[in-house]
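Counting from 2, one number per residue, gives the positions in the sequence shown under our numbering.
Bear in mind the hints are in silico, worked out from the structure with no lab data behind them. Glycine residues also receive a C-beta, built at the ideal position from the N, C-alpha and C atoms. Honestly, I wouldn't trust all of these hints.
Label-pair restraints from in silico Cβ distances [to be verified]:
no., residue 1, residue 2, range
1, I57, G317, 20 to 30 Å
2, Y16, D185, 12 to 22 Å
3, Y370, D185, 42 to 52 Å
4, K80, G358, 40 to 50 Å
5, P363, T29, 37 to 47 Å
6, E235, S162, 30 to 40 Å
7, K105, H302, 19 to 29 Å
8, K328, S74, 50 to 60 Å
9, K137, K80, 22 to 32 Å
Each computed DSSO-like pair below joins lysine-lysine, with the alpha-carbon atoms no more than 30 Å apart [what the hints assert, rightly or not]:
no., residue 1, residue 2
10, K318, K328
11, K238, K328
12, K353, K73
13, K480, K238
14, K380, K238
15, K94, K257
16, K328, K94
17, K318, K94
18, K105, K94
19, K238, K227
20, K328, K380
21, K353, K380
22, K257, K236
23, K137, K353
24, K232, K50
25, K257, K73
26, K137, K480
27, K335, K318
28, K137, K238
29, K137, K236
30, K480, K380
31, K73, K137
32, K472, K318
33, K73, K105
34, K238, K335
35, K257, K40
36, K137, K472
37, K50, K380
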Amino acid sequence: MNPSFDIFSRDSLHYRTVPVTEVFHSDTLTPIQMFASLKNEAVFLLESKAFHDPSIRYSFIGLNPFFEMEEKSGRFLLKDLTFHTISESRSLKEGVQSISDKLKVKTPDLPVPFTGGGVGYVSYEAVTDFEQIILKPSADQPRYHLLFCETILVFDHLEQSVTIIHFVRINSEKNDGTLREIYDDARTKIEGIKRRIQIRINVDDLMLYPEDYDPESLNMQSNYEKSDFIKDVEKIKAYIHAGDIFQAVLSQRFRKRVSISGFELYRVLRQVNPSPYLFYLNYRNREVVGSSPERFIQVSHGLIEMHPIAGTRRRGKSRDEDDRIAKQLLADEKERAEHYMLVDLARNDVGKVSEFGSVHVPEQLQINYFSHVMHIVSKVRGTLRSDLHPIDAFVAAFPAGTLTGAPKIRAMEIIEELEPQARGVYGGAIVYFGFDGNIDSCITIRTATIQDQVIHIQAGAGIVADSDPEKEYQETINKANGLFYSVLLAEQSQLKRV
2 MNPSFDIFSR DSLHYRTVPV TEVFHSDTLT PIQMFASLKN EAVFLLESKA
52 FHDPSIRYSF IGLNPFFEME EKSGRFLLKD LTFHTISESR SLKEGVQSIS
102 DKLKVKTPDL PVPFTGGGVG YVSYEAVTDF EQIILKPSAD QPRYHLLFCE
152 TILVFDHLEQ SVTIIHFVRI NSEKNDGTLR EIYDDARTKI EGIKRRIQIR
202 INVDDLMLYP EDYDPESLNM QSNYEKSDFI KDVEKIKAYI HAGDIFQAVL
252 SQRFRKRVSI SGFELYRVLR QVNPSPYLFY LNYRNREVVG SSPERFIQVS
302 HGLIEMHPIA GTRRRGKSRD EDDRIAKQLL ADEKERAEHY MLVDLARNDV
352 GKVSEFGSVH VPEQLQINYF SHVMHIVSKV RGTLRSDLHP IDAFVAAFPA
402 GTLTGAPKIR AMEIIEELEP QARGVYGGAI VYFGFDGNID SCITIRTATI
452 QDQVIHIQAG AGIVADSDPE KEYQETINKA NGLFYSVLLA EQSQLKRV
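Whole structure, please, built from the sequences with the hints as guidance.
Shown next as structure tokens:
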């Protein structure tokens, strides 16, 4: 266990929050078992399953938030364990920095990308804090909700190891006696967590029996009549022909009453639709579950990276068929043009906060393979200006152009005019703001929220000048199908266990 008491005592002279860590190896544990073992304390699970990136190797579990930050009516409220508001801020950046100042954390010296910080979502409507645009508010949820956890568990799939990071807050009246008590208490807590996750608990097996299904059999209710959606596609095309925009993303939201929990849905979704960004967030009265294929923005030690995705085809049934479909996708002039437009938008967003001359595209028009589809993906990189904070990069690019269209502001104004409800988490970002200043995030797509036993799923289509309204409507159904199918399987699995 690290550090030793002597080093812990020395660190307490310079920091208000000091980590105590333990690493152990196990070839029998899984993140799902660990989360289920700690379900009364666990509030998030972040994972990755990427077909194209073998370096993605970690899962993260957060326990016992000692702070959470949520926004209400433009006020960023910092709350403690009893949900008592202890401070207010005026912006995301100010709020995150105030927590960093309050905690004054010594970041663990560990070779993992995330060792603690704020984890949660930033909703689509948060853009009103960053741009001169008015959007209808989302009535049922705060625009921001971040959890700052006392304990982080890091599961390393490559090394088959678990790292427990427990943050110890040091009070101002510390002396050697109280420091020893605090240190020993941290060691006891870590040993308790270790014992609990090593005890084999009964996690119900998933009873997944894939079968043909009709999405309409789920009785999902949309906030759009099909005829209205098709009319709005035509309105967007008229705006395009008038020169207002090049593209806009029109979406519809589906809802249904369910009996399953968000964690049950997550377990199915990670099997049905594995993706680079898998996440389960458990707030007090709301769960957010998703499998996003697309990074929004990452800032790591001053390097900014975005991964614009545009251009999609189904996976083939063999490698040869995959290759044939990929060649067809790359040869499609319409798909290439849309992709180049979104790469340019990402270059512009990264360029706003980057050192002059540092923005470049190291990978362009690459085919990435996912469980059911393939996408055209590019990478855009830049070096963060020395006078800016990593959150400035997040703000400059928010929200992702792949969920708005281009030009971004005008596209959002048209979306606001046409879509019947505020988007909420859809089109925003799932993000971590690390205590070390690093950020990683994904676009909130292929995502469901569950609140009061009602599930919401939203999906959109990118409308361009020659879009076929019927096909664009069907594209929204196709994009939601992975979640629809996961809901069906989760409900069936639940019934078969009863």
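Results of checking the hints against the structure:
{"no.": "1", "hint": "I57 / G317: 20 to 30 Å", "verdict": "23 Å, holds"}
{"no.": "2", "hint": "Y16 / D185: 12 to 22 Å", "verdict": "19 Å, holds"}
{"no.": "3", "hint": "Y370 / D185: 42 to 52 Å", "verdict": "50 Å, holds"}
{"no.": "4", "hint": "K80 / G358: 40 to 50 Å", "verdict": "43 Å, holds"}
{"no.": "5", "hint": "P363 / T29: 37 to 47 Å", "verdict": "39 Å, holds"}
{"no.": "6", "hint": "E235 / S162: 30 to 40 Å", "verdict": "56 Å, violated"}
{"no.": "7", "hint": "K105 / H302: 19 to 29 Å", "verdict": "21 Å, holds"}
{"no.": "8", "hint": "K328 / S74: 50 to 60 Å", "verdict": "52 Å, holds"}
{"no.": "9", "hint": "K137 / K80: 22 to 32 Å", "verdict": "26 Å, holds"}
{"no.": "10", "hint": "K318 / K328", "verdict": "15 Å, holds"}
{"no.": "11", "hint": "K238 / K328", "verdict": "28 Å, holds"}
{"no.": "12", "hint": "K353 / K73", "verdict": "28 Å, holds"}
{"no.": "13", "hint": "K480 / K238", "verdict": "21 Å, holds"}
{"no.": "14", "hint": "K380 / K238", "verdict": "29 Å, holds"}
{"no.": "15", "hint": "K94 / K257", "verdict": "36 Å, violated"}
{"no.": "16", "hint": "K328 / K94", "verdict": "43 Å, violated"}
{"no.": "17", "hint": "K318 / K94", "verdict": "47 Å, violated"}
{"no.": "18", "hint": "K105 / K94", "verdict": "16 Å, holds"}
{"no.": "19", "hint": "K238 / K227", "verdict": "17 Å, holds"}
{"no.": "20", "hint": "K328 / K380", "verdict": "20 Å, holds"}
{"no.": "21", "hint": "K353 / K380", "verdict": "17 Å, holds"}
{"no.": "22", "hint": "K257 / K236", "verdict": "29 Å, holds"}
{"no.": "23", "hint": "K137 / K353", "verdict": "27 Å, holds"}
{"no.": "24", "hint": "K232 / K50", "verdict": "38 Å, violated"}
{"no.": "25", "hint": "K257 / K73", "verdict": "27 Å, holds"}
{"no.": "26", "hint": "K137 / K480", "verdict": "25 Å, holds"}
{"no.": "27", "hint": "K335 / K318", "verdict": "25 Å, holds"}
{"no.": "28", "hint": "K137 / K238", "verdict": "23 Å, holds"}
{"no.": "29", "hint": "K137 / K236", "verdict": "20 Å, holds"}
{"no.": "30", "hint": "K480 / K380", "verdict": "23 Å, holds"}
{"no.": "31", "hint": "K73 / K137", "verdict": "14 Å, holds"}
{"no.": "32", "hint": "K472 / K318", "verdict": "23 Å, holds"}
{"no.": "33", "hint": "K73 / K105", "verdict": "25 Å, holds"}
{"no.": "34", "hint": "K238 / K335", "verdict": "15 Å, holds"}
{"no.": "35", "hint": "K257 / K40", "verdict": "25 Å, holds"}
{"no.": "36", "hint": "K137 / K472", "verdict": "28 Å, holds"}
{"no.": "37", "hint": "K50 / K380", "verdict": "19 Å, holds"}
Of the numbered hints listed earlier, those contradicted by the structure are 6, 15, 16, 17, 24.
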